[in-house]
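Trainee: One letter stands for each residue in the lines below.
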Amino acid sequence: MHFPWLSAAILFPIAAALLIPLVPDDGDGRKVRWYALGVALLTFLITVGGYLNGYDPAIEGLQLAERYTWLPDLGLAWSVGADGLSMPLILLTSFITALAALAAWPVSFKPKLFFFLLLAMDGGQIAVFAVQDMMLFFLAWELELVPVYLLLAIWGAKKRQYAATKFILYTAGGSVFILLAALAMGFYGGGAPTFEFSELMAKDFPQKFQLLCYAGLLIAFGVKLPIVPLHTWLPDAHGEATAPVHMLLAGILLKMGGYALLRFNVQLLPAAHVQFAPLLVVLGVVNIIYAALTSFAQRNLKRKIAYSSISHMGFVLIGIGSFSALGTSGAMLQMVSHGLIGASLFFLVGATYDRTHTLQLDEMGGVGQKMRKMFALWTVCSLASLALPGMSGFVSELMVFVGFATSETYSLSFRIVISILAAVGVILTPIYLLSMLREIFFGKENPELVSHTHLVDAEPREIYVISCLLVPIIGIGLYPRLVTDTYRVSIEALVQREANALAQLSHVPGKVVMRSQSPGLWPAVLQPFSPLKAPSLS
Amino acid sequence: MPSASELAWLIPVLPLMGACLSGLGLIAFNRTVNRLRKPVAVLLITCVGAAAVLSYALLAEQLAGAAPIEMLFNWASAGSFNLQMGFRVDALGAVMLALVTTIALLVMVYSDGYMAHDKGYVRFFTYLALFSSSMLGLIISPNLLEIYVFWELVGMCSYLLVGFWYDRDGAANAAQKAFVVNRVGDFGLLLGMLGLFWATGSFGFETIGSRLQEAVAGGSLSNGVAILLCLLVFMGPMAKSAQFPLHVWLPDAMEGPTPISALIHAATMVAAGVFLVARLQPVYAPFPQVQVVIAVVGTITLVLGASIALTQQDLKKGLAYSTVSQLGYMMLAMGCGAPVAGMFHLVTHAFFKAMLFLGSGSVIHAMEEVVGHEPVLAQDMRLMGGLRQFMPITAITFLIGCIAISGIPPLAGFWSKDEILGQAFNSFPVLWAAGLITAGMTSFYMFRLYFLTFEGSFRGNDTALQAQLLAAAGKSGGEAQDQGHGHSDADHPHESGWQMAMPLVVLAVPTVLIGLLGTPWNSRFARLLDPREAAHMAEHFSWPEFLPLAGASVAISVAGITLAVLAYLLHRLDLGKLVAGRFPALNAFLANKWYLDAINDKLFVQGSRKLAKQVLDVDSKVVDGVVNLTGLLTLGSGEGLKYFETGRAQFYALIVFGGVVALVVLFGVFG
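So the protein sequences, as listed, match chains A and B.
Under our numbering, the final residue of the first sequence carries the number 538; numbering is consecutive throughout.
Under our numbering, the final residue of the second sequence carries the number 1209; numbering is consecutive throughout.
Incorrect hints may appear among the rest.
[What the hints assert, rightly or not] No farther apart than 25 Å at their CA atoms in a straight line, the calculated lysine-lysine pairs in the BS3-like style are these:
1) A:LYS112 - A:LYS208
2) B:LYS1151 - B:LYS1140
3) B:LYS657 - A:LYS444
4) B:LYS855 - B:LYS1131
5) A:LYS203 - A:LYS158
6) B:LYS855 - B:LYS1140
7) B:LYS1140 - B:LYS1115
8) A:LYS203 - A:LYS110
9) B:LYS1159 - A:LYS159
10) A:LYS31 - A:LYS112
11) A:LYS159 - A:LYS110
12) B:LYS657 - A:LYS370
13) A:LYS158 - B:LYS1159
14) B:LYS1148 - B:LYS1159
15) B:LYS855 - A:LYS444
16) A:LYS31 - A:LYS159
17) B:LYS1115 - B:LYS855
18) A:LYS208 - A:LYS159
19) A:LYS159 - B:LYS576
20) A:LYS373 - B:LYS1115
21) B:LYS657 - B:LYS576
22) A:LYS208 - A:LYS158
23) B:LYS855 - A:LYS373
FYI, nobody ran anything at the bench for these hints, they're computed from the structure.
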């Protein structure tokens, strides 16, 4: 029996959070924040320890697994483990949370409660990525909502009540589908109910059942990712949240959607995924273009970045739907990459707001003359976000592009149309990000702003936080295999499952006989699937 | 002892390390590092210098006949896919490496003088080193993918450097425009690259070339698709090398400091497009239709650039349009299937255009003493004149540059331009005619620049004209005075210091001599790049063929110069009355840069803004509206909600939390 790394990573921050009331309080939260930072760092070290000691990237299956029976009658068990899909995100979670604790330094309103929630969220989110039981997953998913809700509702800006309520209604509404799907899948086939992923994977669900479950789960996870048009909670939540909460929302929370899509929709329901994948790809493109345009028109800085997150998540969708190892791998990398880049941008938004006291671009201008370091940090992070080579965003988007463009499963015309539309995002992203930089930092100083506020340059703590995020961003950009190698085998196995499902689809007698005919959902005109295996146009 | 070729990866890495060091220093210890001007400059110049030494060693090896080498490693992989990175050294790369490091080094020395009074001195040098590193990386890239990586990075450096004076609105807009227009080109490059990878399974130039041909020959790929992919890739070079209609960013990019205009926007980065087309020759060569498109785009560009340059009043803008035009010549050569000729013009042009730009920088620097730090005044030729008496070195080198670019033998421009025109004459006579006429325009506008700037009498103290120019630019006099930093005390300009004069003199040497390496009967340049082509050229060279063509181009250049002499030196001709007065439409057409900026603004800038605004409206009113309506309908009727909305958040959370706990308990008890 090895050391229970994952259970420790989940329970330690939660237990430590429960001890916060005992931390001697001097009113301004000075001790609490050091305590929270220490706990978050230790949690990060625990996850790193688990990664180094118990995780072998060359192994496809579940590792660091622990299983304790909890409610045997219901088939409920405390079952955690990590494979390639979860390990990078577990590390990302504990890493971003530690930085968020550092970012939360200036929080002076109810610091104890704030850091309590932060740490509780840490454990909850690691649990979401680590649990191997669908009921447990549902619980973790729901539990993690509470801290987010409170962090929004108590520390938010003016419209915080509205934003928090919207967030909880959206997500809770989506969660209903998770519960339904979990129960359906758990009880399917008679016998003792089971919610363990490995056992669910072994079950052979019929096509219609899979489609139904898939649709429900897609709504639930689509809210989280988010997928347009289920996204409207996000700009509101982001518009009201404080910087550290932002970092967690953009850095981790959105990734839960992408992770869950891979884990449940693709892994457990491959037959349905084969039918839904073209839809995912189309939704991905919609995400990219729609959100990029809205971001461009936004005049509020936070909302602008929030929409840019939505736009970037479009690549995750395309990657997941790409039926290629490279594309799926790119989707995974995009999640990690956006986790880092999104967190850094939102941290900078918060730091800027602390100085300018406004988020309206019209009320800024020429800020770069007084805040040069801040300007530099903003520039680097914006360039990372617009997928500049040498940084992680470029690699992940490139992998999605190449993976999708070479995916033989789709017909050529479908691939051409999607690639061209997705590449439009390549033009739109710099337009809104560079316009934003220009309006904040370039040009003459805005006399009104300068007269009202005291613009001090970035302090060492802020530079440190951004540097911590930039090291992996640039590291991945220079040598992506640093990350991709940790999940490569799992993704390949996943794509193999997709391929098997595809093959099965084309062999079911009386149903769709050839891949040349569009399977089920798709009218023959659109026909996303390729008629031939080899590329051919003539 | 490893050969220089094996150490080629150090060439981009050395400046990068220097840039990282000073960049991190700037972020971490801003004040201290900003004070360490000379040490930082020396460090970075040493880095680039070391890269230059290595580059020349490499060039020597290639001259001695070393075989090209390529080293690769797996950069990203998934499934059966491997994306490879690495470096490659061959003759073409070696020439470019030597060229870029030389000019980068000279520009850095020059910048020490030019930026001496600037607050951002250290930042400027850091960007310069970063740019050098990216540009050198681009040159040694072994495949399209890696080219794309560095392609974007040089674009980023260009963005940073054009926007260097970020308190100026003009610089801010120009930087963004440069980046976005280049992204439009990259859009095509990316798609074309993906398509070629789909069709051939490779990013390597030769592999793509051979497999694409096989695929077309074997019938698995139609000719049309192959051509389309080639043209998509060509969009990248079109944007980077400022080819019509994606040239619009380059003249605006002159908002950056002048050393940058010389290095990035004249000699190196803008030539990267031409370089990439040369690299892609194995891909493009089998498709004559692609070649025709390249040649036609090049020709349109060369005519456009020269015609707009005719009417420019801003010294740097005049040179910028001249660069556009010269890049058109290079592209024309590529389209004629003569990459060697195009590359040769790239090299000669890099030297003389860098010198011309640095010369213009020297002029602007000197003018700032008189009119203050206001680009509207310091760069306008209406305020210059007679500068030769004050700054002889600048004037003489500028004159040499003008002669070279006009194509007067035996200076560099003659040999390279003549070779392109010769190739065009054989491939596309119509395009040759356009190129020939443009050669006349070139010598006219270059000598116009020279005479207006350096001859006649100095007009810089004409305050009425100054006020008029400022008003035309929409700036008040007071504002300009603020920017003047009380600098405008001298009543006439002075020659620049040695740091600025030395690079001019050094660059004058290749401007005069380097053309002799590429004489058509014994082209050492061609022998290095393509020995077979060189032998072919030498074999087929005949004076009776060469002399009429060369004679024609020299004659038309001389005609252009004569016209400029008559109009701007002797003032015998008033072109304003003669041409502009008689053909106001033509004059307006040229002065408004063929109206392309206006069209861009209307169509794309305003259009995209409007579209974005509409999408946002849909998002906030329709999509979000439905959500809010649903929320209202389902929950709004309940009295409880009132309590939630006004009540304490904790209470609501408690309910949610309680609900979850209850759920767990429920399962526990009833399970």
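Trainee: Next, verify each hint and record whether it holds.
Mentor: Against the structure, the hints:
no.: 1; hint: A:LYS112 - A:LYS208; in the structure: violated (50 Å)
no.: 2; hint: B:LYS1151 - B:LYS1140; in the structure: holds (16 Å)
no.: 3; hint: B:LYS657 - A:LYS444; in the structure: holds (16 Å)
no.: 4; hint: B:LYS855 - B:LYS1131; in the structure: holds (11 Å)
no.: 5; hint: A:LYS203 - A:LYS158; in the structure: violated (49 Å)
no.: 6; hint: B:LYS855 - B:LYS1140; in the structure: holds (23 Å)
no.: 7; hint: B:LYS1140 - B:LYS1115; in the structure: violated (32 Å)
no.: 8; hint: A:LYS203 - A:LYS110; in the structure: violated (49 Å)
no.: 9; hint: B:LYS1159 - A:LYS159; in the structure: holds (18 Å)
no.: 10; hint: A:LYS31 - A:LYS112; in the structure: holds (10 Å)
no.: 11; hint: A:LYS159 - A:LYS110; in the structure: holds (19 Å)
no.: 12; hint: B:LYS657 - A:LYS370; in the structure: holds (13 Å)
no.: 13; hint: A:LYS158 - B:LYS1159; in the structure: holds (20 Å)
no.: 14; hint: B:LYS1148 - B:LYS1159; in the structure: holds (16 Å)
no.: 15; hint: B:LYS855 - A:LYS444; in the structure: holds (24 Å)
no.: 16; hint: A:LYS31 - A:LYS159; in the structure: violated (30 Å)
no.: 17; hint: B:LYS1115 - B:LYS855; in the structure: holds (23 Å)
no.: 18; hint: A:LYS208 - A:LYS159; in the structure: violated (43 Å)
no.: 19; hint: A:LYS159 - B:LYS576; in the structure: violated (53 Å)
no.: 20; hint: A:LYS373 - B:LYS1115; in the structure: violated (54 Å)
no.: 21; hint: B:LYS657 - B:LYS576; in the structure: holds (13 Å)
no.: 22; hint: A:LYS208 - A:LYS158; in the structure: violated (46 Å)
no.: 23; hint: B:LYS855 - A:LYS373; in the structure: violated (32 Å)
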